[in-house]
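If you read the protein sequences in the order shown, they are chains A and B.
Position one of the first sequence corresponds to residue 1 (full-length UniProt numbering), numbered consecutively onward.
Position one of the second sequence corresponds to residue 1 (full-length UniProt numbering), numbered consecutively onward.
The set of hints was computed from the structure by calculation and includes no laboratory data.
A hint or two may mislead.
Said to hold, decoys possible - Computed list of chain A residues with no C-beta within reach of chain B, every gap over 10 Å:
| no. | residue |
| --- | --- |
| 1 | L12 |
| 2 | Y19 |
| 3 | I36 |
| 4 | W83 |
| 5 | G118 |
| 6 | F126 |
| 7 | T128 |
| 8 | I131 |
| 9 | W152 |
| 10 | D160 |
| 11 | C213 |
| 12 | I223 |
| 13 | W254 |
| 14 | V287 |
| 15 | M310 |
| 16 | V325 |
To be verified - Ranges of calculated distance between the beta carbons of each label pair, as one might list FRET restraints:
| no. | chain 1 | residue 1 | chain 2 | residue 2 | range |
| --- | --- | --- | --- | --- | --- |
| 17 | A | M208 | B | E69 | 27 to 37 Å |
| 18 | A | H6 | B | V197 | 46 to 56 Å |
| 19 | A | G136 | B | N72 | 25 to 35 Å |
| 20 | B | S24 | A | M208 | 23 to 33 Å |
| 21 | A | R106 | B | D65 | 51 to 61 Å |
| 22 | B | D65 | A | E121 | 28 to 38 Å |
| 23 | B | M18 | A | L56 | 52 to 62 Å |
| 24 | A | L157 | B | S126 | 29 to 39 Å |
| 25 | A | R168 | B | D136 | 48 to 58 Å |
| 26 | A | F245 | B | R132 | 48 to 58 Å |
| 27 | B | R132 | A | L284 | 38 to 48 Å |
| 28 | A | A299 | B | R123 | 21 to 31 Å |
What the hints assert, rightly or not - Which residues of chain B face chain A? A few of them, derived with a C-beta cut under 7 Å, are:
| no. | residue |
| --- | --- |
| 29 | E79 |
| 30 | T82 |
| 31 | C111 |
Glycine included, every Cβ here is placed at the ideal spot set by N, Cα and C.
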Amino acid sequence: MRGAAHTLKYLLLAAALAYPLLPFRDVYVLHVLVLIMVYMVLAMGLNILPGFCGLLDLGFVGFYGIGAYTAGLLTIHYNMSFWLIVPLAVLNGALFGVLLGAPTLRLVGDYFAIVTFGFSELVVLFLTNEIWLTRGPLGIPGIAPISLDVTWLATLLGVDERWRYAFRGEVPYYYLAMVMVALVFLVMTRVEDSRLGRAWLAIREDPMAAASCGVNLFAYKVIAFAVSTGIGALAGAFLARWTLFISPDMFKFWESFLVLCMVVLGGLGNIRGALVGSAILIALGEVLRVALPKLGLPAETRFLAYGLIMVVIMRFRPHGLFTQVAESTMQSGLIKDLRARIAARRTA
Amino acid sequence: MDAILTVDGVSKRFGGLMALSDVSFAVERGAITGLIGPNGAGKTTMFNCVAGIYTPTDGRILFADGVGEPLNVAGRKPERMTALGVARTFQNIRLFSALTVLDNVRIARHCRTSANFFGSVLRTPSQRAEERAIIDAAMENLDFVGLGETALSPAASLSYGDQRRLEIARALATDPRLILLDEPAAGMNPRETEALVDLIHAILGRGVTVVLIEHDMKLVMRICKRLVVLDHGIKIADGSPQEVRANPDVIEAYLGKGAAHA
Ligand SMILES: Nc1ncnc2c1ncn2[C@@H]1O[C@H](COP(=O)(O)OP(=O)(O)OP(=O)(O)O)[C@@H](O)[C@H]1O
Ligand SMILES: [Mg+2]
Numbered sequence: 001m002r003g004a005a006h007t008l009k010y011l012l013l014a015a016a017l018a019y020p021l022l023p024f025r026d027v028y029v030l031h032v033l034v035l036i037m038v039y040m041v042l043a044m045g046l047n048i049l050p051g052f053c054g055l056l057d058l059g060f061v062g063f064y065g066i067g068a069y070t071a072g073l074l075t076i077h078y079n080m081s082f083w084l085i086v087p088l089a090v091l092n093g094a095l096f097g098v099l100l101g102a103p104t105l106r107l108v109g110d111y112f113a114i115v116t117f118g119f120s121e122l123v124v125l126f127l128t129n130e131i132w133l134t135r136g137p138l139g140i141p142g143i144a145p146i147s148l149d150v151t152w153l154a155t156l157l158g159v160d161e162r163w164r165y166a167f168r169g170e171v172p173y174y175y176l177a178m179v180m181v182a183l184v185f186l187v188m189t190r191v192e193d194s195r196l197g198r199a200w201l202a203i204r205e206d207p208m209a210a211a212s213c214g215v216n217l218f219a220y221k222v223i224a225f226a227v228s229t230g231i232g233a234l235a236g237a238f239l240a241r242w243t244l245f246i247s248p249d250m251f252k253f254w255e256s257f258l259v260l261c262m263v264v265l266g267g268l269g270n271i272r273g274a275l276v277g278s279a280i281l282i283a284l285g286e287v288l289r290v291a292l293p294k295l296g297l298p299a300e301t302r303f304l305a306y307g308l309i310m311v312v313i314m315r316f317r318p319h320g321l322f323t324q325v326a327e328s329t330m331q332s333g334l335i336k337d338l339r340a341r342i343a344a345r346r347t348a
Numbered sequence: 001m002d003a004i005l006t007v008d009g010v011s012k013r014f015g016g017l018m019a020l021s022d023v024s025f026a027v028e029r030g031a032i033t034g035l036i037g038p039n040g041a042g043k044t045t046m047f048n049c050v051a052g053i054y055t056p057t058d059g060r061i062l063f064a065d066g067v068g069e070p071l072n073v074a075g076r077k078p079e080r081m082t083a084l085g086v087a088r089t090f091q092n093i094r095l096f097s098a099l100t101v102l103d104n105v106r107i108a109r110h111c112r113t114s115a116n117f118f119g120s121v122l123r124t125p126s127q128r129a130e131e132r133a134i135i136d137a138a139m140e141n142l143d144f145v146g147l148g149e150t151a152l153s154p155a156a157s158l159s160y161g162d163q164r165r166l167e168i169a170r171a172l173a174t175d176p177r178l179i180l181l182d183e184p185a186a187g188m189n190p191r192e193t194e195a196l197v198d199l200i201h202a203i204l205g206r207g208v209t210v211v212l213i214e215h216d217m218k219l220v221m222r223i224c225k226r227l228v229v230l231d232h233g234i235k236i237a238d239g240s241p242q243e244v245r246a247n248p249d250v251i252e253a254y255l256g257k258g259a260a261h262a
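In isolation and in its complexed conformation, chain B is listed as follows (with noise of 0.2 Å):
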């Protein structure tokens, strides 16, 4: 398997919690991954080791960007992170909800521009120039998501599903090769999770790997090729959505003890 990220015995602890004990697996180049496991079981977590926002207690975080030999990122910070080619969505959005939709995904062109207090103020001629190629950028990216209406409407004007697609929209803008997306069906209605899933397909189309946490089981089963499941920071299994659907171990964690061999 070509993998673009290898997690390597990562833990980390909380105090005297293990929010992640050990935790082994790979996610393939160009495919979907499902990060499953009950409320509590450290997904979050594992994101947040990956995206730079927490340094790993142990082990280590394999990024290969499919050009160079692979990195240990474990403990890089989050704007080191983006800038390789990670980016991520959050669980509870976090949106610059006071600015528009456009300057919530003209921020994510920071990465990849250049433009300094000085050039800012002298309005140089590669200033301009650059400002206009993060607004193409920003809008090719919200017309991806079907925002590219709602550019110069507050971020916070938006419904929620909007405001999900939205964080989709400003990761994209970061030109990753892994994007993590944190429950980005939650608050969504059926309708708008059918168009998610068209989304997601569309993000692998251009190349970008990606990884889901998500809760629905029914839209997992359907859309990853793997799935990795956690259980109060361990991992307990690690396969095909079939072969985890089967796994004695994950029907306990999901429906408690004993209810694997009823």
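With the rest of the complex left out, here is chain A (with noise of 0.2 Å):
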């Protein structure tokens, strides 16, 4: 059973990596296919907040927002590389993050989610109405796509060519959001089995008694922010290289609200319920978006299903599809070994 799965999961992997290579690959599906992979970064970002941590955030859309106009004004502006724009992308969403979380994360519960759903409407009024800084409702069109200059590579091996590759298509695209998702998934693994990561789940788990073990809960809570959100901007800067276009409104509450479920519906806490919760409410959107004209309804009435969909799964399912917290944690070598150990002195 076990291994079934095990080869499944890489079966998929390598269908994954072949699809763009086959000659029936299809634009369409390889867009969505990128749209996918966006709200998995997405959605392991947010996972920290109410998954590791137990914090509604109801503003991530936000910081989703910083990230891609952080990427969309300094690639029109300064003609900056795609790569050294990320790290500027993530290090801008995590300052705003701590910026948003150092004076509100005292609040508690509710408090804190209106404040964070509070931040992300100012984000979308500011873009909306700072027309000098970000031309407003109309958005900013033109931006340059990815490129890849390793020209230095050739004159370091005495190569006199311009060893320059634009992205065009969907297909680098896709490659690099493969990339970034998995080593946004590396980095989160490795994060949720380490001694951040438990102090995160302990300050979900409960917030007394992760203090009373020597946890800070307010520092704690805003290093969550700050990975969190820089994640966000993280997904932003790759969306504003590839659909070369920004708006306000591409960053409305409702985003903030459909990762959540993509969270919600793979399960708080787990990573991979993280990434299988984007992959459905993506695909089932685009499905919709389809089915409901033909159906006479307006498409926008696929919130409704998302909104069923949500009910369906408290109902059923109150913890997701995945409930395993920690789940990286189980799988390290150390507790492996500890496990055979543990078995070695039963029998002993």
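Make the complex out of the two chains shown on their own, each in a separate frame, by following the hints.
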């Protein structure tokens, strides 16, 4: 059973890697797959707050927007390379995360959720009204696509050529998105199985007991906020250089809600769940967008379908599809050793 | 007396209610002190003041770690009290119930370790060595309370008595000098209570001073060297179990007015 699941996982991964190279590949499908991967990054980033720390964040999309506009503006004004923009956008997202988190993370429960919601609305208002910077509702068109310039490598090798590869079409973005998902996944699983991740989970499980174990609640919540918002901004930076156009209404509250649904559907605090939740909801959204108009319903009614799914999930699987928290911890080498040691002790 | 903890004129007010009024007592280093009193007397409130959950409205709490000068720690944050060497268990069990037994105890090593975000992501050699040491320390404490073999089970799957022992293991894993046990025997059967008595003596054997809140008078009289009695937030007696048992105020507090003369 376990073996079969493993084989299936690798088959899926191989299929995903090979798909863009196959003759029957479809641009629309590729586009949707890239979109799914953007949301996977968002869902893994958001998962830190409600999933690991038990903090309800309704304003996650604000940081996605900050990342996207950071990338978009740096590209059109300074023609900056994507590879330089990524760390800057992440830092900018994390900076705003700390600026918002530091004064508000002392609030508890619903108050905190309301403040984050207000912040994301504020971001949209800012993007809409500060026309001198953002061009307002017109958005920013004509953002240059990503390019990979490795002329330095050519120079190093003594080749007198310009080695520059500009991303065109969905395929290079597809592979880049895969790398992004893989890296964020690696970071998240490593953090989950660490002193930091355990402190977060302790806060989620029981803040008073966590404090009595020596966890500085406030500091660790701020760190959680910074990491989460940094990852949100990373997804935003990718989005800006992929869609090549950004506008304020791409970062409306609905997006926060959608990402939250993905995390809840997958299972709060489960990283794999965040991935599966994103894939399901984006794929479903695309299907409904095509199917609903055929039934004579406006495409917007798909939000009703999301709501319905959430109700059904809450009713039948209140903890989401994947319920295990600290999953990567259980798979770490140290724990496997310990398991063997305990088993040996039992038989001895 | 070499006092590890000196509570000096501590009061705690909740709105109109004085949960503690001007309470003073000292806790002898290396001994078991019992904190007793009827329901609502203010015992847990006193623990919360010492452990940093509450800031006393008034008064001083002096903690002497045995090395430096005694420090007034009233109003310090709980995580700083833990770092100083004061650990506690909770009356209504507060485990991290979605996590394993091991993780509950590993979290308690937080204040004695230092890996940060970057160390965790990059898995630096020092971070990995620290993780190994955390597991060893956690297992050592779990074995100490007899839960080593359950390390990888979910904390929520333990029996009630074992959950209380796990709370003790978690508190001990912070390397305390003083441990505050809030009704550790509550809900235990007689056999588990006997094992708990042995465990408390073993804790003392590790050089950790114990303060115990307990309603089981037989247990308290048997194992405590000194008792402090609270009633309605006021300290009504303080002394050896024999002295306290003979104190008319204590009898009255427990059995009602007139009982002392009966
Ligand atoms: N956070 C709080 N806010 C308001 N009142 C409180 C708070 N904590 C405790 N109290 C009140 O203070 C008084 C003392 O409570 P405390 O829990 O310290 O009693 P206790 O001696 O531990 O009793 P028990 O034996 O029942 O555990 C009670 O009247 C309680 O209702
Ligand atoms: Mg109590």
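Hint check results:
Remark: the non-interface label on L12 (chain A) is consistent with the geometry, its nearest Cβ contact in chain B lying 26 Å away (cut-off 10 Å). Taking the minimum C-beta to C-beta distance to chain B, about 30 Å, the non-interface status of Y19 (chain A) holds against the 10 Å cut. With a cut of 10 Å on Cβ distances, I36 (chain A) stays outside the contact zone with chain B, its closest approach being about 24 Å. For W83 (chain A), the requirement that its beta carbon stay farther than 10 Å from each beta carbon of chain B is met, with the minimum near 19 Å.
At the 10 Å boundary, the C-beta of G118 (chain A) stays outside the reach of chain B, the nearest C-beta of that chain being 28 Å off. Separation of F126 (chain A) from chain B is adequate, the least Cβ-Cβ distance of about 29 Å exceeding the 10 Å criterion. Annotated as non-interface, T128 (chain A) keeps its C-beta farther than 10 Å from every C-beta of chain B; the closest such distance is 34 Å. Non-interface status of I131 (chain A) relative to chain B is upheld: no Cβ of that chain comes within 10 Å, the nearest being about 37 Å off.
Listed as outside the interface, W152 (chain A) is consistent with that label: its C-beta sits roughly 25 Å from the nearest C-beta of chain B, beyond the 10 Å cut-off. Every C-beta of chain B lies more than 10 Å from that of D160 (chain A), the closest at about 37 Å, which supports listing it as non-interface. Non-interface call for C213 (chain A) relative to chain B: violated, since the shortest CB-CB distance, roughly 5 Å, does not exceed 10 Å. The beta carbon of I223 (chain A) sits about 7 Å from the closest Cβ of chain B, which is not more than 10 Å, so the claim that it is off the interface is violated.
At the 10 Å boundary, the C-beta of W254 (chain A) stays outside the reach of chain B, the nearest C-beta of that chain being 30 Å off. For V287 (chain A), the requirement that its beta carbon stay farther than 10 Å from each beta carbon of chain B is met, with the minimum near 34 Å. Residue placement check: M310 (chain A) keeps its beta carbon more than 10 Å from all beta carbons of chain B (closest about 21 Å). V325 (chain A), annotated as away from the interface, has a beta carbon of chain B within 10 Å; the closest lies near 5 Å.
A hinted range of 27 to 37 Å for the beta carbons of M208 (chain A) and E69 (chain B) is consistent with their spacing of about 30 Å. Between H6 (chain A) and V197 (chain B) the CB atoms are about 49 Å apart, so this pair conforms to the stated range of 46 to 56 Å. Hint check: G136 (chain A) to N72 (chain B), Cβ distance near 57 Å, so the stated range 25 to 35 Å is violated. For S24 (chain B) and M208 (chain A), the Cβ-Cβ distance of about 26 Å falls inside the hinted range of 23 to 33 Å, so the restraint holds.
At roughly 30 Å, the beta carbons of R106 (chain A) and D65 (chain B) sit outside the given window of 51 to 61 Å. Range check, D65 (chain B) to E121 (chain A): Cβ separation about 50 Å, and the 28 to 38 Å hint is violated. Our hint of 52 to 62 Å for M18 (chain B) and L56 (chain A) is violated, since their Cβ atoms are close to 36 Å apart. Distance hint for L157 (chain A) and S126 (chain B): a CB-CB separation of about 37 Å, consistent with the stated range 29 to 39 Å.
Remark: the range hint 48 to 58 Å for R168 (chain A) to D136 (chain B) is upheld by a beta-carbon distance near 54 Å. The hint said 48 to 58 Å for the Cβ distance between F245 (chain A) and R132 (chain B), and at roughly 50 Å that hint holds. Separation of R132 (chain B) from L284 (chain A) is about 44 Å and conforms to the stated range, judged on CB atoms against 38 to 48 Å. Between A299 (chain A) and R123 (chain B) the beta carbons are some 46 Å apart, a value that contradicts the proposed interval 21 to 31 Å.
About 5 Å separates the beta-carbon of E79 (chain B) from the nearest beta-carbon of chain A, less than 7 Å, and the hint is met. Of the supplied interface hints, the one on T82 (chain B) holds, with its beta-carbon coming within about 4 Å of a beta-carbon of chain A, less than 7 Å. The interface hint given for C111 (chain B) holds, since its Cβ lies 3 Å from the closest Cβ of chain A, which is under the 7 Å cut-off.
Violated hints for the displayed structure, listed by number in ascending order: 11, 12, 16, 19, 21, 22, 23 and 28.
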